[in-house]
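Q: Dock the two chains into a complex; use the hints.
Just so you know, the protein sequences line up as chains B and F, in that order.
Counting from 1, one number per residue, gives the positions in the first sequence under the numbering used here.
Counting from 1, one number per residue, gives the positions in the second sequence under the numbering used here.
Since the hints were made in silico from the structure, they are not lab data.
Any given hint might turn out to be false.
Not everything, but these chain B residues come out facing chain F in the computed CB check (under 10 angstroms) [as the list claims (entries may be wrong)]:
(1) D36
(2) S100
(3) L235
SDA-like cross-link-like pairs, simulated, lysine to any residue; straight-line CA separation at most 20 angstroms [as the list claims (entries may be wrong)]:
(4) B:K336 - F:R129
(5) B:K26 - B:Q115
(6) B:K47 - B:D14
(7) B:K39 - B:H120
(8) B:K335 - F:E127
(9) B:K26 - F:A22
(10) B:K175 - B:E133
(11) B:K47 - F:L20
(12) B:K336 - F:T124
(13) B:K335 - F:A125
(14) B:K47 - B:R8
(15) F:K19 - B:Q5
(16) B:K39 - F:E3
(17) B:K335 - F:T124
(18) B:K335 - F:Y142
(19) B:K47 - B:G21
(20) B:K335 - B:P89
(21) B:K335 - F:D126
(22) B:K335 - F:R129
(23) B:K336 - F:A125
(24) B:K26 - B:P45
(25) B:K47 - F:A22
(26) B:K26 - F:E4
(27) B:K39 - F:Q47
(28) F:K19 - B:Y6
(29) B:K39 - F:M1
(30) B:K47 - F:V5
(31) B:K47 - B:N207
(32) F:K41 - B:M1
Computed footprint of chain B on chain F, listed as stretches where at least three residues anywhere in the stretch have a Cβ under 8 angstroms from a Cβ of chain B [to be verified]:
(33) 15 to 29
(34) 38 to 46
(35) 49 to 62
(36) 110 to 118
In this text the structure is predicted, and so the values were computed from the model without any measurement.
All C-beta atoms, glycine included, are put in the ideal place defined by N, C-alpha and C.
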Amino acid sequence: MINFQYARANDVADAVRQAAGNANAKFIAGGTNLIDLMKMDVERPLKVIDITRLPLTQVQYTAEGGLRIGALVRNTDLAYHPLVEERYPVLASAVMAGASQQLRNMASTGGNLLQRTRCHYFYDVATGCNKREPGSGCSAIEGHNRMHAILGTSEACIATHPSDMCVALAMLEAKIHVSGASGNRVIPFAEFHRLPGATPQRDTNLNASEIITAVELPSNGFATNYTYLKIRDRLSFAFALVSVAVGLDLDGDTIREGRFALGGVAHKPWRDPEAEAALRGQFANPATFTRVADIVLRDARGYAHNAFKIDLARRCIVRALTQAARRTPQSQSSKKIV
Amino acid sequence: MPEEVSLSLTVNGTLHTLKLDARTTLLDLLREHLDLTGTKKGCDQGQCGACTVLVDSRRVNSCLTFAVMYDGAQVITIEGLASDGALHPLQQAFIDHDAFQCGYCTPGQICSAAGLIAEGRARTADEIRELMSGNICRCGAYANIVAAIEQVMGKS
Chain B
1 MINFQYARAN DVADAVRQAA GNANAKFIAG GTNLIDLMKM DVERPLKVID
51 ITRLPLTQVQ YTAEGGLRIG ALVRNTDLAY HPLVEERYPV LASAVMAGAS
101 QQLRNMASTG GNLLQRTRCH YFYDVATGCN KREPGSGCSA IEGHNRMHAI
151 LGTSEACIAT HPSDMCVALA MLEAKIHVSG ASGNRVIPFA EFHRLPGATP
201 QRDTNLNASE IITAVELPSN GFATNYTYLK IRDRLSFAFA LVSVAVGLDL
251 DGDTIREGRF ALGGVAHKPW RDPEAEAALR GQFANPATFT RVADIVLRDA
301 RGYAHNAFKI DLARRCIVRA LTQAARRTPQ SQSSKKIV
Chain F
1 MPEEVSLSLT VNGTLHTLKL DARTTLLDLL REHLDLTGTK KGCDQGQCGA
51 CTVLVDSRRV NSCLTFAVMY DGAQVITIEG LASDGALHPL QQAFIDHDAF
101 QCGYCTPGQI CSAAGLIAEG RARTADEIRE LMSGNICRCG AYANIVAAIE
151 QVMGKS
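So that you can see chain F by itself, here it is in the shape it has in the complex (with noise of 0.2 angstroms):
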């Protein structure tokens, strides 16, 4: 029989409370037991990036984590980037330069950007690419991706 766990963290905020089973990751948490399918699975195994959300403001690879060691941690997925209807200024940014082809990426992209943008690091377009290097875009969208994230920064 599956070990049941019982957690209770708080996505976009909202406190959940759920019994699972302990070998959950915090990815298919989201999105087969909350319906948050805007956090993709990519390779599932940390390199691809698609599942990156932020976890208590740091960006982290959902898909390497049981979702129970994150008991009472705050979660952001790119649901949670909106406010009150507007669009997040990277969601906005992704738009101006159309910095994706099939979009698969673009969750991951935008979350690990908000990540490195409270981090505070990234200065040049070079550490921007070095501190973006966990998401992989299999359409090659890089050089818009870093426009983006260049018109935010500028921005903030």
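For reference, chain B alone in the conformation it holds in the complex (with noise of 0.2 angstroms):
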């Protein structure tokens, strides 16, 4: 790890301050992803600004009626809330499905926004990745892509996003709310991340300096008719093959409103409007859930070891969709998958 400044910052305005101007600064939050990142020489900063002790710890009502998660609530704290546990429980238990209880006690609400790929070569120095050095080449496209993107690829990068919690946050359509030198902004979730196209070394469309103070929660929560499903390589602890976060409004058997997100799959969350739409005055039922996966996956394309990924989105879908219009969410804990 190459020697960096430590800074800590007072408050908001003073950590956007600290890093104006300063394209090799960081700041860090619960750290788990940057200081992995350092330890293997993919991110070089020479300043950290230590933002944890920044007043954004708090979870309140909006005026709308929904909730705003400050930036430094931690995993754990997410997912234990009771407001989120009883009014977003989609959201809880998509937290709940990633990483470890030590890591989602450090992790902050802000940083798993901004965690960045886990792509074997994004992490090996020795190898090209246009995401770590933008015109090295893509060494998983021709590589071991068995974690590796099906929907929204690129010829520079078919890395994947890997956070749970976002794809819920993708479904509820969240708000996310930024700091920087030209003043604040609110961000829709699906505008946040990026496919990666010819720059994958951008992430996100957080400009330099800013940084993200809130999640803001719509007041519908879809706490009736959801469910978070996750399959990985092991039953925990593992970063999603595929994974589906669903949301519907029925109306007896019939869906007045669906949405779901997908993870495991794309450089960033992925929704499908037109699927959606096709939910619309649709029967909750095996025909239509199949209707739906089909419309999401008609552009999927496979790469050498992850085309598997692409039958198993679309019966992760079905599944899904059954499991939210059954009332039967995925548990976190019991493996079973009914």
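A: Right, here's the structure in full:
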């Protein structure tokens, strides 16, 4: 790990000021991903700004009846917050599906949004990786790509976004509050993360020196008909091969509104407006669910080791929509899939 | 030149004030600067749990921290669990159930289990297994580790 200057931020404005104009500065909160990457020499900040003392640890109601989650709320505190468990159980479930309890005790809400991919080549500085070093090529396209993306890939990058929490936030249509040198702004969740395109080095649309201050949840948490289904190589503490967050609004057997987001399949949590539109007004049954799964996966592309994910994703979508419709959400402790 | 930072933190009830390279992890502070070698370095990447300690009563991976971020914190390591010469109930339960073979992961397992019990979220064996998944045991003593934790939960 290279040497760095350590600094503490006193408030949000101070954090922004300390980072402004310094492309080699990084904020640190939980540190669970940044320190790992610094040990591997993937991240090489010259200045590390400790934001852990900023007053961003509250979970509060918004005027619109939603929740505002401070960026420094730890993952366990988020998942175990009574209002999150009661009103946004899909979010609590997704958070508990990710990482280990030690990591969730450290990791922050804002940091979870900013996790980097776990692509082996991104971590291995001896190999080419356009995300780590633009222009050095993608080693995964012709390499070991079992964990990689099947949707929204580019010639430059086939990495996936690793977060579970973000899959639920995408489905819930959260908003990201940020502060920067030019003031505050709110970014809709769908516009926060990027597809790789020709610039995979940029994971998000955050500007330089901008800091996440909060995640806002809208009032509808789909607390009745929901699930977070995650399929992985181990039963716990492993990244998703495919995951699905679902929220349904049902009128009897008919779907008034249905939303779902996929994890483990793309550079960002994946939603498909056309597929969700195809749920509206339809019966909540396997025929409907299979049809929308086919819509989502119409342009899916597999590589040498991950083509299985296309079938897996189709089955996961159908199973997750079924779980949500039947009010049998996936348990994150008993791993039985019903 | 490495950036030097000053910090104070309480480890197992004793206040320490140190000057350190800013890159020092809490794990390295414990092992290299305070000679508390009960906390183990396994993967050094947050994947194995051997470095688990309790910071302000919460279990964390001490390898994935910069010690300076924990200025002012209260840290409990495996050395701080026993009191007045008596083993912590988890230490006794791990012996009773033969919940280890080589023992390298054991300090992390026990600190993690102490955190698990304090959280109060695990009620079933499935829930213990899930919430202990951040602690790897290469000897495969998992069945006995779960039994040891159940024994202590049953008492408390």
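Q: For every hint, state whether the structure bears it out.
A: Status of the hints after comparison with the structure:
A least Cβ separation of about 6 angstroms between B:D36 and chain F falls short of the 10 angstroms threshold, and the interface hint therefore holds. The beta carbon of B:S100 comes within 3 angstroms of a beta carbon in chain F, closer than 10 angstroms, and the hint placing it at the interface holds. Hint status for B:L235 relative to chain F: holds, with the closest Cβ pair at about 8 angstroms, below 10 angstroms. With a CA separation close to 14 angstroms, the supplied pair B:K336 and F:R129 stays within the 20 angstroms bound.
A hinted pair counts as satisfied when its Cα atoms are at most 20 angstroms apart, and B:K26 with B:Q115 qualifies at roughly 13 angstroms. Proposed proximity of B:K47 and B:D14 is supported: the alpha carbons are some 14 angstroms apart, at most 20 angstroms. This hinted pair checks out: B:K39 and B:H120 have alpha carbons roughly 15 angstroms apart, not beyond 20 angstroms. Restraint check for B:K335 and F:E127: the C-alpha separation of about 10 angstroms stays at or below 20 angstroms, so the hint holds.
A threshold of 20 angstroms between alpha carbons decides the hint, and for B:K26 with F:A22 the separation of about 14 angstroms falls inside it, so the pair holds. Between B:K175 and B:E133, the direct Cα distance comes to roughly 30 angstroms. Violation of the 20 angstroms bound is thereby established for this hinted pair. Under the criterion of a C-alpha separation no larger than 20 angstroms, the hint pairing B:K47 with F:L20 is consistent with the structure, at around 16 angstroms. For the suggested pair B:K336 and F:T124, the alpha carbons sit about 15 angstroms apart, so the restraint of at most 20 angstroms is met.
Distance hint between B:K335 and F:A125 is fulfilled; the C-alpha atoms sit about 12 angstroms from each other, no more than 20 angstroms. Between the alpha carbons of B:K47 and B:R8 the distance comes to roughly 10 angstroms, so the proposed pair stays at or under 20 angstroms and holds. At most 20 angstroms may separate the alpha-carbon atoms for a hinted pair to count; F:K19 and B:Q5 meet this at roughly 15 angstroms. Between B:K39 and F:E3 the CA atoms are separated by roughly 16 angstroms; this keeps the pair inside 20 angstroms, and the hint holds.
Taking the CA atoms of B:K335 and F:T124, the gap is near 13 angstroms; set against the 20 angstroms cutoff, the hint holds. Our distance criterion of 20 angstroms between C-alpha atoms is met by B:K335 and F:Y142, whose separation comes to about 17 angstroms. Between B:K47 and B:G21 the alpha-carbon distance is near 12 angstroms, which keeps this suggested pair within the 20 angstroms criterion. Note on B:K335 and B:P89: the hinted pairing holds, with a Cα-Cα distance of about 17 angstroms set against a maximum of 20 angstroms.
Pair hint B:K335 plus F:D126 holds up; C-alpha atoms about 8 angstroms apart against a cutoff of 20 angstroms. A distance of roughly 11 angstroms separates the Cα atoms of B:K335 and F:R129; the hinted pair therefore holds under the 20 angstroms criterion. Distance check on the hinted pair: B:K336 and F:A125 sit about 14 angstroms apart at the alpha-carbon level, within 20 angstroms; holds. Distance check on the hinted pair: B:K26 and B:P45 sit about 6 angstroms apart at the alpha-carbon level, within 20 angstroms; holds.
As the CA atoms of B:K47 and F:A22 are separated by approximately 11 angstroms, the hinted pair is consistent with the 20 angstroms bound. Using a Cα cut-off of 20 angstroms, the hinted pair B:K26 and F:E4 holds, with the two alpha carbons roughly 18 angstroms apart. This hinted pair checks out: B:K39 and F:Q47 have alpha carbons roughly 14 angstroms apart, not beyond 20 angstroms. With a C-alpha separation of about 13 angstroms, the suggested pairing of F:K19 with B:Y6 holds against the 20 angstroms cut-off.
Under the criterion of a C-alpha separation no larger than 20 angstroms, the hint pairing B:K39 with F:M1 is consistent with the structure, at around 18 angstroms. With a CA separation close to 13 angstroms, the supplied pair B:K47 and F:V5 stays within the 20 angstroms bound. Pair hint B:K47 plus B:N207 holds up; C-alpha atoms about 18 angstroms apart against a cutoff of 20 angstroms. Of the pairs offered as hints, the one joining F:K41 and B:M1 holds, with about 17 angstroms between alpha carbons and a cut-off of 20 angstroms not exceeded.
Counting residues of the stretch 15 to 29 of chain F whose beta carbon lies closer than 8 angstroms to any beta carbon of chain B gives 3, which meets the minimum of three for the stated coverage. Residues of the stretch 38 to 46 of chain F with a Cβ under 8 angstroms from some Cβ of chain B number 3, which satisfies the need for three, so the listed coverage holds. Taking a C-beta to C-beta cut-off of 8 angstroms, the stretch 49 to 62 of chain F contributes 6 residues in contact with chain B, enough for the three needed, and the coverage statement holds. Counting residues of the stretch 110 to 118 of chain F whose beta-carbon sits less than 8 angstroms from any beta-carbon of chain B gives 3, enough to reach three: the coverage restraint holds.
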